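There are 2 protein chains.
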Amino acid sequence: MKFRKAVRKDVPVIVQLLASDPLGQLREDYRDPLPGRYYDAFEQINRDNNQELIVVENENDEIIGTLQLSFIPYLTYQGGTRAQIEAVRIREDVRGQGIGQQLFEWAIRRARERHAHVLQLTTDKKRPDALRFYEKLGFTASHEGMKFHFDQE
Amino acid sequence: MKFRKAVRKDVPVIVQLLASDPLGQLREDYRDPLPGRYYDAFEQINRDNNQELIVVENENDEIIGTLQLSFIPYLTYQGGTRAQIEAVRIREDVRGQGIGQQLFEWAIRRARERHAHVLQLTTDKKRPDALRFYEKLGFTASHEGMKFHFDQE
Numbered sequence: 022m023k024f025r026k027a028v029r030k031d032v033p034v035i036v037q038l039l040a041s042d043p044l045g046q047l048r049e050d051y052r053d054p055l056p057g058r059y060y061d062a063f064e065q066i067n068r069d070n071n072q073e074l075i076v077v078e079n080e081n082d083e084i085i086g087t088l089q090l091s092f093i094p095y096l097t098y099q100g101g102t103r104a105q106i107e108a109v110r111i112r113e114d115v116r117g118q119g120i121g122q123q124l125f126e127w128a129i130r131r132a133r134e135r136h137a138h139v140l141q142l143t144t145d146k147k148r149p150d151a152l153r154f155y156e157k158l159g160f161t162a163s164h165e166g167m168k169f170h171f172d173q174e
Numbered sequence: 022m023k024f025r026k027a028v029r030k031d032v033p034v035i036v037q038l039l040a041s042d043p044l045g046q047l048r049e050d051y052r053d054p055l056p057g058r059y060y061d062a063f064e065q066i067n068r069d070n071n072q073e074l075i076v077v078e079n080e081n082d083e084i085i086g087t088l089q090l091s092f093i094p095y096l097t098y099q100g101g102t103r104a105q106i107e108a109v110r111i112r113e114d115v116r117g118q119g120i121g122q123q124l125f126e127w128a129i130r131r132a133r134e135r136h137a138h139v140l141q142l143t144t145d146k147k148r149p150d151a152l153r154f155y156e157k158l159g160f161t162a163s164h165e166g167m168k169f170h171f172d173q174e
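Protein sequences, first through last, are from chains A and B. Following this note's numbering, the numbering of the first sequence begins with 22 at its first residue and continues without gaps. Following this note's numbering, the numbering of the second sequence begins with 22 at its first residue and continues without gaps.
It should be emphasised that the hints constitute simulated quantities derived from the structure, not laboratory data. A couple of the hints might just be wrong.
Pairs count within a copy or across copies, as identical chains cannot be separated in the list.
Below 25 Å or equal to it, Euclidean Cα-Cα: the simulated DSS-like pairs (lysine-lysine) are [what the hints assert, rightly or not]:
no.	residue 1	residue 2
1	Lys157	Lys23
2	Lys168	Lys146
3	Lys168	Lys147
4	Lys146	Lys157
5	Lys168	Lys26
6	Lys23	Lys146
7	Lys23	Lys147
8	Lys147	Lys157
9	Lys146	Lys26
Fair warning: this is a prediction, and the values are worked out from it, not measured in the lab.
Start from the sequences, fold in the hints, and give me the full structure.
Here is the structure:
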């Protein structure tokens with residue numbers, strides 16, 4: 022398995038992954054050619070040194086997983102940096118093989134490497150399996166994750 | 022009351038606010054002169070167009086509150102932007118006067134203005150009053166807020 026930063030030509034495959042679950046299907050607009058707004062967003066992510074859109078490849082160079090790691094500078098914690106994970110997806114046919122765990126272990130190492138003092142994420146309360154997965158990795162559900170959606174979703 | 026982006030000379034007052042509660046006292050290092058790492062963090066925040074460190078001033082131009090608003094670009098939600106709030110503090114002697122509410126209403130407007138599709142934050146489960154405050158504003162505690170601290174804190 023290989024972990025690397027995504028490049029522009031990966032965008033369709035990543036969006037296909039994002040769209041391939043019940044919630045993602047409602048939110049995304051995966052088609053060929055891919056709507057330009059996905060590329061616009063990719064360019065924003067790509068030119069921002071605090072954003073790392075990561076993909077995992079298998080031995081055939083196929084993208085089988087993704088997550089986005091963000092680094093946010095704050096005055097709090099004596100001017101500390103928080104690392105944050107969002108937009109996690111593992112390809113459906115390779116789930117349950119420990120790929121998610123390796124992807125997270127990679128992300129934890131990367132966050133330490135960039136001197137973050139905390140790595141954080143939120144997980145939907147309707148997904149108890151995900152909660153257990155994150156707890157096993159060392160995350161603590163110490164906070165409420167609060168969302169204010171501006172559109173109907 | 023006036024809401025504006027913080028400038029470099031505001032940093033000591035902001036750090037004093039951050040340090041002035043039981044948790045902040047343990048985390049921060051507020052003294053005169055202020056340790057340089059706070060200014061380094063400020064410069065990182067200030068040169069990043071996706072970070073808005075906000076202060077509220079009273080009629081005497083005193084800073085009585087702060088929060089940091091971050092905008093994070095993602096491929097998810099068709100290349101949508103998430104807005105996020107962290108590092109909220111209201112000066113102790115002016116709490117309970119609705120200043121926090123006005124600060125949040127300002128932040129909600131700002132997030133909409135920048136076309137975020139969601140505004141999110143996490144709040145410590147040990148603070149039930151804060152949870153109720155956010156729920157009243159329109160936030161939903163739909164997610165677990167998971168943290169992985171790298172240092173002893």
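Now the hints, each set against the structure:
no. : hint             : verdict
1   : Lys157 to Lys23  : within (23 Å within a copy, 45 Å between copies)
2   : Lys168 to Lys146 : both (12 Å within a copy, 15 Å between copies)
3   : Lys168 to Lys147 : both (14 Å within a copy, 18 Å between copies)
4   : Lys146 to Lys157 : both (16 Å within a copy, 20 Å between copies)
5   : Lys168 to Lys26  : between (28 Å within a copy, 24 Å between copies)
6   : Lys23 to Lys146  : neither (31 Å within a copy, 37 Å between copies)
7   : Lys23 to Lys147  : neither (31 Å within a copy, 40 Å between copies)
8   : Lys147 to Lys157 : both (18 Å within a copy, 22 Å between copies)
9   : Lys146 to Lys26  : neither (29 Å within a copy, 34 Å between copies)
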